[in-house]
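Got chain A sorted already, so can you dock chain B onto it with the hints?
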Amino acid sequence: MAHIEEHPILGTMEKKKYVTVKVDGREIQGIEGEPIAAALLANGIKIFRFTHKFNEPRGLFCGIGQCTDCVMEVDGVPNVRTCVTPIREGMEIKTQHGFGKESTYE
Amino acid sequence: MNKFDVIVIGGGPAGLGAAVEAARLGARTLLLDENSRPGGQLFKQIHKFFGSKEHYAGTRGFDIGENLLKEAASLNVVLKLDTRVWGVFPGGIVTAYCGEKGLKFEGKTIILATGASENVLSFPGSTLPGVITAGAAQTMVNLHRVLPGKKFVVVGSGNVGLIVSYQLKQAGAEVLAIVEALPQISGYAVHAAKVKRAGVRILLSHTVKEAIGEKILEQVILCKLDSNMKPIAGTEFTLDADTLCLAVGLNPRVELAALCGCHLIYSPVLGGMMPWHDENMCTSQSRILVAGDLAGVEEASTALDEGRLAGLSAVQKLGLRNFKEVDDEMQKIKDRLTKLRQGPFGEKRQLAKQGIISMKIPKESCL
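Respectively, the protein sequence lines represent chains A and B.
In terms of my numbering, the first sequence is residues 6 to 111.
In terms of my numbering, the second sequence is residues 2 to 368.
Take the hints with a grain of salt, since some may be wrong.
Only pairs whose alpha carbons sit at most 27 Å apart, straight line, appear in this in silico BS3-like list of lysine-lysine [stated by the list, open to error]:
hint	chain 1	residue 1	chain 2	residue 2
1	A	LYS21	B	LYS335
2	B	LYS71	A	LYS106
3	B	LYS102	A	LYS106
4	B	LYS210	A	LYS21
5	A	LYS58	A	LYS99
6	B	LYS231	B	LYS210
7	A	LYS20	B	LYS170
8	B	LYS81	B	LYS102
9	B	LYS335	B	LYS318
10	B	LYS195	B	LYS349
11	A	LYS21	B	LYS102
12	B	LYS105	A	LYS22
13	A	LYS21	B	LYS349
14	A	LYS58	B	LYS335
15	B	LYS71	A	LYS58
16	B	LYS49	B	LYS210
17	B	LYS170	B	LYS225
18	B	LYS170	B	LYS105
19	B	LYS335	B	LYS105
20	B	LYS349	B	LYS71
21	B	LYS102	A	LYS99
22	B	LYS216	A	LYS27
23	A	LYS27	B	LYS49
24	B	LYS151	A	LYS22
25	A	LYS99	B	LYS105
26	A	LYS20	B	LYS102
27	A	LYS99	B	LYS318
28	B	LYS325	B	LYS349
29	B	LYS216	A	LYS20
30	B	LYS318	B	LYS109
Think of the hints as simulated: they come from the structure by calculation, not from any bench.
Since this is a predicted model, take the numbers as computed values, not measurements.
Excised from the complex, chain A in its bound form:
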């Protein structure tokens, strides 16, 4: 799955600047400024985190920053809403486990 280059209503996609980020150590490319979640989905990544109690997978849900299901660790900061956070060159993105590495909850 990549970006939709040709669209009957939106037309042809303009030339965009691509950035390279790391997801769990693996390099992927995204379009600068698009939400992290969009770049991950375009690269076929659907699992963004695992829950604290039951270690269940979670991914994108509402897509507009309301539900916080899609949070990941970005540049060391946990609980970043990937659906509303623009992607930038060199970001270190990690699948979040539980409340994230800086969490003090048990």
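Same frame as chain A, but now just chain B:
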């Protein structure tokens, strides 16, 4: 510097409409939005709107959004993006944060246009990655040009379900079925006909029994419902889908309104809990007005006009213009809103709105 006549919270169609009208009549207006781009959900509406000419019939949502942004800019509306409001305090103090920076504004009147959230549906497997809201699919496809999957099942045959299904097809995805629990289609016949022509089947009196997948969605089990909406045993069947979109309605985002002490009421027709408001979009709190989906879930055109009405109403409250002059403009918008709330779908909303407006609610003013 941070003092305004009108502070509008939320930059969707309602908020933009409110800001544009208030600024046009001379109010110093601030528009706050938590997103990095204003327009709310307008920019993902790539279909043509219905209604009359003044409701932009035939115009696509994103064009309406662009025009509103231009209008707001030309009227010197102060726009603050990436700004999340977290509190409203006595004296009309609005507190927000932008990144890690805290901000404080003061507004003589405050218009809340915080919109709505999509409803969720619970069933085994509903938390699997691949189960998303229809709005999320629409955002990814129409705004970011990314298909969140290849094979879709959509739950709900309201307008959102129908339109999103069609737009998924436009983007090249496969839509296996639209599932509707009711025995009839919930959305407009025009939209339903369009998706049917595109080859999507609509399964009436059906629901999702379970979503299956080891770590991500792989299969959806559907079943038939009887006339009491109870699953009929033995009617289960499986579709291989990687994405399940939930289009099961929306509910007003009342958090800020509740925080402001606005009297809340319950309206099943308009989406659930919402702030009570009068015919001029004023709430039980004298300083606070509401508009758009927050004041009852409807559609973008009504949200825009309700926003315009709230903007004018705020100007009238502030006494910035001749009362009669503003009143006449407000009446025109009210007439347009009545026209928008006609037909089998609109009528119910019109009645619900009238019911709310005619309620007797004590006016307070703790802000």
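* To do: Kindly indicate which numbered hints from before are broken by the structure, ordering the numbers from low to high.
  => Hints 1, 2, 4, 11, 12, 13, 14, 15, 16, 18, 19, 20, 23, 25, 26, 27, 28, 29 are the ones this structure does not satisfy, whereas the remaining hints hold.
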